[in-house]
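Protein sequence lines, in the order shown, are assigned to chains A and B.
The numbering of the first sequence is my numbering, which starts it at 26 and goes up by one.
The numbering of the second sequence is my numbering, which starts it at -12 and goes up by one.
Incorrect hints may appear among the rest.
Each computed SDA-like pair below joins lysine to any residue, with the alpha-carbon atoms no more than 20 Å apart [said to hold, decoys possible]: (1) A/K131 to A/L234; (2) A/K139 to B/G309; (3) B/K135 to B/M44; (4) A/K139 to B/G311; (5) A/K212 to B/K135; (6) A/K139 to A/Q238; (7) A/K139 to B/A96; (8) B/K32 to B/L156; (9) A/K212 to B/P404; (10) A/K122 to A/K148; (11) A/K212 to B/G395; (12) A/K122 to A/Q163; (13) A/K122 to B/G353; (14) B/K32 to B/P404; (15) A/K236 to A/K139; (16) A/K148 to A/H232; (17) A/K131 to A/G162; (18) B/K54 to B/T108; (19) A/K212 to B/K32; (20) A/K158 to A/K122; (21) A/K122 to B/S199; (22) A/K212 to B/P162; (23) A/K122 to B/S219; (24) A/K212 to B/T108; (25) A/K212 to A/E222; (26) A/K212 to B/G353; (27) A/K236 to B/R220; (28) A/K158 to A/E222; (29) A/K139 to B/G266; (30) A/K122 to B/P404.
Hints were generated in silico from the structure; no laboratory data involved.
These numbers come from a predicted model, not from an experiment.
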Amino acid sequence: MVTRAVHLAAVSLLVTVTAFAGCAKRPAMTQASAPPPATAPAPVAAKPAPPPPPVVVQETVKETVTVTPVPAPAPPAPPAPTAAAAQPAPTTRPAPKEFAVNANVKDIFFDFDKYNVRPGDAKILDANAAWLKANPGQLVLIEGHCDERGTVEYNLALGERRAKAAMNYLVAQGVQASRFTVISYGKERPFCRESNEACWSQNRRDHFLVKAQ
Amino acid sequence: MTIRRILLVGLCLMVVGLVPVLTRPPAPRAQGVDVFLNVTGGGAKKLNIAIPEFTLMGGADSAGAAKSLANIIGADLNFSGLFQVASATGPVPRNNPEALRKLWSDFAAAGAHAGLHGLLTVRGDRLEVEARLYDLTSPEQRPIAAKKFDLSSSQMRRLAHLIADDVVLQFTGQPGIADTKLAFTRATGGAKEIYVADYDGASPAPVTRNGSVNLSPVWSPDVRSVAFTSFSRGYPDLYRAFPFERRPEQVLAAFAGINTSPAFSPDGQRVALTLSKDGNPEIYVLTLGTGAFRRLTRHPAIDTEPNWAPDGRQLVFISDRGGGPRLFVMDAEGGNLRQITEGNHHTQPRWSPRGDVIAFTAREGGFNIWAVNADGTNARRLTETGDNQSATWSPDGRHLAFQTSRLGGWQIFAMFPDGSQQAPLIRGGADTSPSWSSRLP
């Protein structure tokens, strides 16, 4: 009796061990707690059996992704100037559209990639300075511009350099610094739009506008 | 007696041998990753995946979602560069495992390594999908994973992108980037407005409508806001808009001079930017929670275009302190400053989310996208046709989008970081300055 029981236990253990050893070579099976025999490819069935559910990692089947829809961009509300930053109120900047062109204050132009005032343009600035000193009630807006060749951000900085170069020259000629406002448009407000040097050279400019104080 | 003894000895040996097998914890293996590695390790460059039309399990599919979903997922997986997608006309009949098995066998015989079977139920205005992934390299067509999705039918494209990203996750361990957005600048009349579209160019919609010049949009990492420079109030000031919420724009910086070149830190808490309020363009960091500005550079040169390393501990930027603009790197407090490129005119640096490479724009006559290792080595050109500027990385670092003039007028293209597969990404407009969002939360 005892030997028979041991015999049976040994055999069944052997069988179980063999089965496990086989399973160990297919690690995917060890993930599921008790892989049902449905994983074996079903033979061509003559009878219409219900479709066997796919054997999957349990948590994947249970997971359902329900996503709150991302609405299309809402039409922009009129911008309220609520500052995200507690920044000092900017020095009152005059509205650019209140300024106008005046024939007595002429534009100057620049070489490619440069912001230095060329000798010929210095003479134009001398004349501008003379008129501005004779008309002390006029405020000046200097716009700095670049031609289209160039990246957006660097051209904003270069445009500002061009405007400041002219301002510094005029201040050195005796025009009061507080009369100036400088604004860079980078390459965003070109005077002309052709892609050739004739147009580009017109776009590399400082544009002057004035308004009465 | 001998048999008994043999059995007993054998039993003991078995027990000893069993212990490691029985006590080893189940290996947390990603089955799909194994398949992918086996396929690509075996010499294939891509995993061939079959995506038949989805099977309609219930409801009426008047919008043709069963077909569209399969097509969009196929396009997403093709775009990823990891897969070669094969489709089949006609859906898999429902509740017919034999037909499915035959379909997979046919695909496997044609070289497919995997199959995706979608089961679609249209319930009112919702789409429910169970997406089942199969390993066709195994003779028994072993299922890899199944996942359920449930979205409103107005979100059909997003549903497809989520499924595609999950397929990529199953095979690589990282989700795909189909569920992302692009912000960019579109020229409309005399204005430039900020737009947002799906990464594949679908559904472009304006974020600004002020009729002014709006520039350089960048996403916050939580994909809730876009920072940009705008002349809408006359001067180049920095704003933040919220495309998906009814929430007014915020002013981030409106100092005298230029307020430009925003870049959110990877943790979303700071914005690096350029201000010239202190005399010339310098790099500052704004802490959003406190509103405090910290100045990082002090040099009369132009210092601009800051961009964060993915660990948030360093910034790359451009400075022309040595003559023309070139790339510099500093730590997030402004110290340890060093130049990393030599050359003529380098701008628009963008640090890859993987941390190893920085893309930038080089002017050599025309403009081209270049890449350089973050330590400054191996600078190489990626584009060569037309003018190419303004690169932006996908959040997994596997793709670059950029603007190009090669077709006449500006258009946004995509390519891989080695410069291969340059192709249009957004169509229908004069588009510049793309910014690629993180995956939608």
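* Compare the distance between the alpha carbons of A/K139 and A/Q238 with 20 Å, and conclude whether the hinted pair is satisfied. => Given pair A/K139, A/Q238 is violated - Cα atoms ~32 Å apart, limit 20 Å.
* Given the hint that A/K139 pairs with B/A96, does the C-alpha gap stay at or below 20 Å? -> violated (65 Å)
* Asked: Taken at face value, is the distance from the CA of B/G395 to the CA of A/K212 at most 20 Å?
  -> holds (18 Å)
* Asked: Does B/G266 lie within 20 Å of A/K139 when you go C-alpha to C-alpha?
  -> holds (18 Å)
* Asked: Has the given pair, A/K212 with B/G353, been kept, meaning a C-alpha gap of at most 20 Å?
  -> holds (16 Å)
* Verify the proposed pairing of A/K122 with B/P404, using a straight-line Cα cut of 20 Å. => Violated, at roughly 45 Å.
* Assess, step by step, whether the Cα of B/K32 is no farther than 20 Å from the Cα of B/L156, and give holds or violated. => holds (18 Å)
* Given the hint that A/K212 pairs with B/T108, test it: the Cα-Cα distance must not exceed 20 Å. => violated (53 Å)
* **Hint consistency between A/K131 and A/L234 [alpha-carbon to alpha-carbon, up to 20 Å]** => Holds, because 9 Å separates the two Cα atoms, which is no more than 20 Å.
* Asked: Taken at face value, is the distance from the CA of B/K32 to the CA of A/K212 at most 20 Å?
  -> violated (44 Å)
* Asked: Straight-line Cα separation of A/K122 and A/K148 no greater than 20 Å?
  -> violated (28 Å)
* Holds or violated: A/K212 with B/P404, Cα cutoff 20 Å? -> violated (29 Å)
Violated hints for the displayed structure, listed by number in ascending order: 5, 6, 7, 9, 10, 13, 15, 19, 20, 22, 24, 28, 30.
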